[in-house]
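There are 2 protein chains.
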Amino acid sequence: MAKVAVLGAGMMGTALCTPIADAGHEVRLVGTHLDAAWVEGMKRDGVHPKVGMPLPDGVLPFALEELDAALDGASMVCVGVSSAGVRWAAQNLGPRLQPGIPVIAVTKGLEESEPGVLRILPDVFLEHLPENLRSLHPCAIGGPCIAGELARRVHTAVVFAGRDEPTLKRFAEAFSTPYYHVRTSKDVVGVEVCAALKNAYAMAVGIGAGVHERAGGTAAPVAHHNYEAAVFAQACIEMDQLVRMLGGDPAHVPHLAGAGDMLVTTSGGRSSRLGRWLGLGLSFPEAQEKMKGDTLESADLIRVLGGALPSLIAQGKLPPGALPLMRHLHEVIVGGQRIDMPFDQFFR
Amino acid sequence: MAKVAVLGAGMMGTALCTPIADAGHEVRLVGTHLDAAWVEGMKRDGVHPKVGMPLPDGVLPFALEELDAALDGASMVCVGVSSAGVRWAAQNLGPRLQPGIPVIAVTKGLEESEPGVLRILPDVFLEHLPENLRSLHPCAIGGPCIAGELARRVHTAVVFAGRDEPTLKRFAEAFSTPYYHVRTSKDVVGVEVCAALKNAYAMAVGIGAGVHERAGGTAAPVAHHNYEAAVFAQACIEMDQLVRMLGGDPAHVPHLAGAGDMLVTTSGGRSSRLGRWLGLGLSFPEAQEKMKGDTLESADLIRVLGGALPSLIAQGKLPPGALPLMRHLHEVIVGGQRIDMPFDQFFR
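So the protein lines, in turn, are chains A and B.
Here the first sequence is numbered in my numbering, starting from 111 and rising by one per residue.
Here the second sequence is numbered in my numbering, starting from 111 and rising by one per residue.
Keep in mind the hints are simulated off the structure, nothing from the lab.
Treat the hints with care, as some may be off.
[Stated by the list, open to error] Result set (SDA-like, lysine to any residue): computed pairs, CA atoms no more than 20 Å apart in a straight line:
no.	chain 1	residue 1	chain 2	residue 2
1	A	Lys279	B	Arg458
2	A	Lys400	B	Lys153
3	B	Lys402	B	Pro420
4	B	Lys279	A	Thr294
5	A	Lys160	B	Ala329
6	A	Lys153	A	Ala173
7	B	Lys113	B	Leu144
8	B	Lys160	A	Lys400
9	B	Lys296	A	Arg458
10	B	Lys153	B	Met121
[To be verified] Chain A stretches covered by chain B per the calculated footprint, using a threshold of three residues with CB under 8 Å from any CB of chain B:
no.	stretch
11	166-173
12	218-226
13	249-261
Owing to the predicted nature of the structure, the values given are computational and were not obtained by experimental measurement.
Idealized CB from N, CA, C, for every residue including glycine.
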């Protein structure tokens, strides 16, 4: 039995505590400043207001001000903040971590550090740690994982990715339960690129539901599923191209981190809700208005990747005309266009 | 403008007439003996009772007895029968076809011709044609395509596969419309293996809905989507292995014929309904009883492939322990077991 600290008490960070606690560990769940009300709720009645499930035995909620106490004696650390919080997490954890402590993150995203240079978030996190921690190899989690289902102990299979095999093995052994099936991969880039892209592409798949409603349809076996599946397939192809371009193994695409995670992300979360609004014919600002208060990681990713696309093509990293789906998403999210799915450019 | 004969007036054969007619051709839709009542219905009021849409202008329904008239002057032939009818189709069309006439089929499936030897249906079809037609290269259609949506002109993208490039190009040019986006591939095996497998694996994904209901859940964003996505990802991996084993290009898996078609097949058709019953805890005979009258191509495929698995392993074509998901499906469909998803054997 170990003590495990989890930083970030949103849906995902909180849900992740369930298998860790069920695997027999003491879990200290620390809210960020954004999670303060939730931590208060959990301290009061043991239930995370958004997850809607009692915290398992062995999970203790901590406010951000109690971070030192939460880390005291912790032999493993999980980062469960959103992509916007990855620097903040490194800066707040860094001075408090011992060199060599195993760190794993569920945070997903891509950054463009200079024109045409994309970086995965574990690398951004590492860069913002103090000098003495730079030899850390932060692990990352990919694969299908709706937080509310994980908290309810629904079976899922995930991939832990990390460059240091002993650390990776340690996390996999420590966190596996009969319903949380952990596989490992040393290909952090492959897993993380898929994990980052899936929000954006699942949003694109969600557009079909809005187009269907706009045409007067209701949810049914005959709807716009052909449309959605064609977008899903094109998304797989673009994922494959991007993983290869960044040096990852494209075998992750038709696997847990790619198609698997993309599939669950189309099941009704924020990304697919945004897609629905766009499919209904709203502009992005109008859709944003409808989703006020929601973090839209799909839109963030489209901004980064669509923005980097001209440089990537100019530098010869991608062929001209590459990623027509991502390009159109960027025209919609940044360029103010309405959705007009460019099927004719797909599968070329 | 050409005259096109379509043999098989089920959902798929009938729906396929819509883009062909919209592309400007005269379409003769010929029912098999199983479709007699539907042909009568279409002759009476121009509506296919199961598709529920008026036939487009230019589509003429024919009874099987009128096959000669339907083929008279036809310069292209489509086969839209179910997998069980592929020999019958070859035997009935064969004596009536001119050598060199282009033939394309939507029929999907695999056969084990001798222990451990699997064949795709275009090859079975060809073998049952008369000697003078053996140089035909039947084309095949893969990719997401719910018939009811195609008949309603919902966008979809499909792959036409064929070994003869001019024939392939001719079909693609003749059948493309602004909503029916046709791509081509010379890899018939890759496309057809994906197309055949997708029913069986979509059935497996559908099991999650039944497991969820059985646990007291209702359809919702938080359900058993993690479970379904893990099965979907494992299905992609097994598809990849099978495509490679049979000499096809695994690039079709994260593409239209594989993941794309599998995704739409999970949207509520017969295959996913069968999965739901099994997930609810029914044995296969009990589930069959609930679905009386439905052709269960998913179960047929599992019988063939699961049955061939021991030979494939004995012959060294697959490693021991391969295809754990398909193996379990076979235990359920043929061996009388209830579903107990072997997650621990997945992703190994």
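Status of each hint after checking the structure:
{"no.": "1", "hint": "A/Lys279 with B/Arg458", "verdict": "15 Å, holds"}
{"no.": "2", "hint": "A/Lys400 with B/Lys153", "verdict": "49 Å, violated"}
{"no.": "3", "hint": "B/Lys402 with B/Pro420", "verdict": "30 Å, violated"}
{"no.": "4", "hint": "B/Lys279 with A/Thr294", "verdict": "44 Å, violated"}
{"no.": "5", "hint": "A/Lys160 with B/Ala329", "verdict": "19 Å, holds"}
{"no.": "6", "hint": "A/Lys153 with A/Ala173", "verdict": "9 Å, holds"}
{"no.": "7", "hint": "B/Lys113 with B/Leu144", "verdict": "24 Å, violated"}
{"no.": "8", "hint": "B/Lys160 with A/Lys400", "verdict": "38 Å, violated"}
{"no.": "9", "hint": "B/Lys296 with A/Arg458", "verdict": "14 Å, holds"}
{"no.": "10", "hint": "B/Lys153 with B/Met121", "verdict": "16 Å, holds"}
{"no.": "11", "hint": "166-173", "verdict": "violated (count 0)"}
{"no.": "12", "hint": "218-226", "verdict": "violated (count 0)"}
{"no.": "13", "hint": "249-261", "verdict": "holds (count 7)"}
The structure does not agree with the numbered hints 2, 3, 4, 7, 8, 11 and 12 stated previously, though it agrees with the rest.
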